[in-house]
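Kindly generate the complete structure, drawing on both the sequences and the hints.
Chain order of the listed sequences is A and B. Under the working numbering, the letters of the first sequence match residues 3 to 102, in that order. Under the working numbering, the letters of the second sequence match residues -2 to 735, in that order.
Please note that a few of the clues may not be correct.
What the hints assert, rightly or not - Here are the computed distance ranges between Cβ atoms for each label pair:
#1 A:G87 x B:T693: 52 to 60 Å
#2 A:S84 x B:T693: 43 to 51 Å
#3 A:D95 x B:A676: 25 to 33 Å
#4 A:A14 x B:A701: 52 to 60 Å
#5 A:S84 x B:R703: 26 to 34 Å
#6 B:E695 x A:L83: 42 to 50 Å
#7 A:V75 x B:G723: 18 to 26 Å
#8 A:G87 x B:G723: 49 to 57 Å
#9 A:G23 x B:E695: 29 to 37 Å
#10 B:I694 x A:V62: 32 to 40 Å
Hints are computed from structural coordinates only; laboratory data are not their basis. The structure presented is a predicted model; accordingly, all values stated were derived computationally and were not measured. Glycine is no exception: its CB is placed at the ideal position from the N, C-alpha and C atoms.
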Amino acid sequence: MIDPAWVSGLAAILFIIGLWGAFSRKNAIVVLMCIELMLNAVNLQFVAAATHWGDVTGWVYAVFAIAIAAAEVAIGLAIFLSMYGQHETISLDEVNLLRN
Amino acid sequence: MSGSEIIDYAILIPLFPFLAFPVILFLGRIFNGTPTWVKNVKEGGIIALTVMGASLIMALLVIKEHMNKVGAADVFTWFESSWWESSGEITTKVFGFGIYIDHLTVMLLFVAAFLCFLINIFSIGYMNTDSINDNRNHRFYAEFVLFCSGMLGMVLADSFLWLFIFWELMGLCSYLLIGFYYERPSAAYAAKKAFLTTRVGDVFLVIGLVMLWNMFDGHLDYAYVFDPENIARVDQGELQIALGMMFIGAVGKSAQFPLHVWLPDAMEGPTPVSALIHAATMVNAGLYIVARMFPFFMEAEIGALSTLAIVIAIIGGITAVMAALIAFVQMDLKKVLAYSTMSQLAYIFTGLGSALWLANNGYDDIAAFAMGASLFHLFNHAMAKGMLFMASGSVIHEIHHAHHEVAHHGHDDHDGDHHDDHHDDHHDDHFDAQSMENMGGLASRLPITATAMFVGSMSIIGIPLIGGFWSKEGIIASAWKVALKEPIFFLPATLILIGAGMTGFYMSRMWFMTFAGKPKTEVAEHVHEQTPWIPIPLVVLTFMTLGAIVFAGMHAGHWLGDFESGHYTSFFDGIGYEMSHVFLNPDLFLLILTYVAIGLSLVIGPTFAMALYGGSLDEGQKAKPWMQWAINLSARVNNKSKFDNTAWANSSLADSLHKRLHFDEIYDAAIMKIVVGFANLSAIFDSKFIDGFIKTIESTSQEASRRLRALTTGSARDYIMMTALGTLVIFLLLWGVT
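Laid out in C-alpha cells, this is it:
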C-alpha cells in the first residue's frame, strides 16, 4: 500500500504540469489535454484523500468527475471543430474575437 | 326622491351633445365629401341641430317642472362614491354626479340651451356656404356640440368639482374653435392666447377649490357647502381668500381686467363661435361661478366677506369703462362687439358685487333685487349679444359674398378668406370683410340683419322699455344703493354710470357706421341677404329681446334673485309695477339716478355717435320705417354738428386705444422679462449643474471602462491565467479566514 501522501504529491505535480501546459501551449487540443491532466490530478487527489480518511465519498466523486470530464472533452472537441471550420486554425493565438 | 320626475333625466341635457361629439366626428371622417353628407346632413350640422333641439326640449321641460314647484333647489344625485377609512366608516363623499337646479341654474340653462340651438341654425347658414370650410365642417360641429355639452353640464352640476370639470371642457373647446382656421397664424396665436390666459385664472380657481375642499372636510357639493351650519363653522377669513381665488378664475373666463386680453383675439374663430363664446357659454361661466357664491355671502358672518364683494365690483367698474373706451375706436365690426361684451359683463360683475356686498351685510331684500337685476342682465345681454354676433356674422358673410361677386375676375384666390388678417386693414389688395370702413348704407340692403342689430344695440345701450334697459337700471341703482352705505362703492357706481353713456356711443357708432350713410365701397352696394338659415335665429332673438318686458312684468328680476320663494303676480300688474318703479320711484335719489342714466345712454351717447358717423342712405334706397327715422335723425345731427372727426382720430388717446391701451404690449414685455429671464436662469442651472453632474458620471465611467477594456485580450490563455489567479486568491482568502 502506497502512502496517500505520495499519491497526493504526484497529483500536485501533475496539476502544476497541466496548469503550465494550459498557459504556455498554443494548440487548442494540447491545452485541452492539459486541462484533462489537471482534472485527473484532482481525481487522484480525491482518491488519495479517500484512502487517507477511509471514506468512500472521495471515490464516488472521482467517478463523477471522470464522467463529467468525458462530456467536457466532447464539448471541447466540438468547439474546436467549429473553430476550425470558421478560422481554419486551432491556434489560440489566432482566435481572439473577444479582444477589447 | 320620487320616481318619475323630468329632473331625474336632466342628465340627458348635457349627455345628448356629449354623445353626439364622437358620432359627428367619426361619421364626418367616414363620409367626408360625399354628396349626401354635404347636402342633406350639412356636414353634421343636422345631427348637431337634432341633439341641440333635444337638449333644448329637455331643458324646457326641466325648467317648467322647476317653475311649477316654486322655491327651493331640486337636487338629484346620479351616483355617489365614497371614501372608506380603515375604521370601516364612510367619512367623505369624494366623487359623485348629480343635478342641482335652482333659479340660477334655470336661467343659465335656458340661455345656454336656447342660444346654442339658435347658433346651431345660424352655423348651418354661415359655415356651410363658404368654400374655405369645405370638408372640415364636421370638426366644427363636433367641437360645437362638445362646447355646448360643457356649458350645459356646468350649470347643472351639483358640485364645484363637476363645475370645474365642465369648465375645463369648455376651455378646451374654446381653444379648438378659436383656432378653427388653424392654418392662419393669427388664429393659432389667438387660440393659444385664449387658452393660456384663461389657464392663469384656472390655476387660481383650482387653488380656491382645494381650499374649499379643505375647509369643508372634503366636500365640494353644493348641498353641503351651502349649508348655513357648515358655512358658519369655517374660518371666515380663509373662506374669503378661497372665494377670491375662485373669483380670479371667473375673471379669466369672463375676460375681465386684467385677464381680458384674450377676448378680442378670440374673434379669429368663425363668427358662430364668437356668438357662442360671447353670448351663450364661455363668458357666462365666470359670472355663473360668482353668482353661485351668493349663499356663502348670505350665510357668512356679517361683513366678513365684504372686501371681496368690493373687489368684484371695482374690477367690474374698471373693465366696464376701459372696454367701452377701447370700443370707441375699433374698426372691426366683431371687435366692437367683443369689447362691448367685456363691458357688459363688467356691469354684471358690478351688479353681482353689489348683491354680494348687500347679502353679506344683512340687507337681504335689496341683495336679492341686485342679484336678480344682475342675472336678468346676463339673460338680456346673452340674448342681445347672441343676436348681434349673428347679425354681424350675417353682414360679414354677405359682404364677403358680395366681394366675391364684385371681384370675380382675377380675385379668385380670395375665395373665402373673409377673415383676412386684421393688421392689413389698409392694404388695397386685401379686402377686409369685417372692417366697418368697407360698409355703410346697409340698412336697406340687409333689412332683417339691420333690424336685429338695431334692436340688439338698443338693448345693450339700455334704451327704455327694451331688453337690457330693465336690468341695467337695476344694476346701476343697486350699485348706488351700496355706495350710499359704503363710500368705496362710489368708484364702481360712478364708473358704470359713465359707462352707460359710453355704451350709448360705441353701440350707436357701430350701427351707424355699418348701416347708415352711403356705402363706403363698391362691395357694400352689392350686398343682399341670401341663405334662409341666417335670418331665422335673428328674427327669433329680436322678439326675445323686445319681449324682455314680458319677463320684467313677471318679476323675473325679483324671482331670479330670490332663492327662498318664487313670485308670480299678474302680468299686467307686474308691468305696471316695474314701470312705476323705474320711472316714478318714490325715492328721489333713485329717480334722479334713473333719469341721469337714461339721459346718458339714450341722448348723449347716441347723439355724439350720430354727429360723428351719421348720414342718410343713397338716393332711392329706403330702410324699413322703424329704422328710417333713426337714419334721418342721424343725417340731420351730422349735418348740424361741427365735430371734426379727424382731430379725434389723430389724438394720442385714440392711438393708444387702437393699441388696446397697451395691455398686450405690457403683458408681452412682462412675459419677455420674467419668463425669458427665468428660462435663461433655468438654462444655466440645467447646463451647468444638472448636465455637469450627469456628464461627470458619464465621463468617469467611460474612462474607467476604457481602462478595464485593456484586460480583455481575447486570448484564451490569458483568461485561463486569470481564472487560476482568481481561484488562488479565493483559496488564500478562505485559508486566511480559517
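**OP:** Could you tell me which of the hints above the structure violates, numbers in ascending order?
**Re:** Violated hints (numbers, rising): 1, 3, 4, 8, 9 and 10; every other hint is consistent with the structure.
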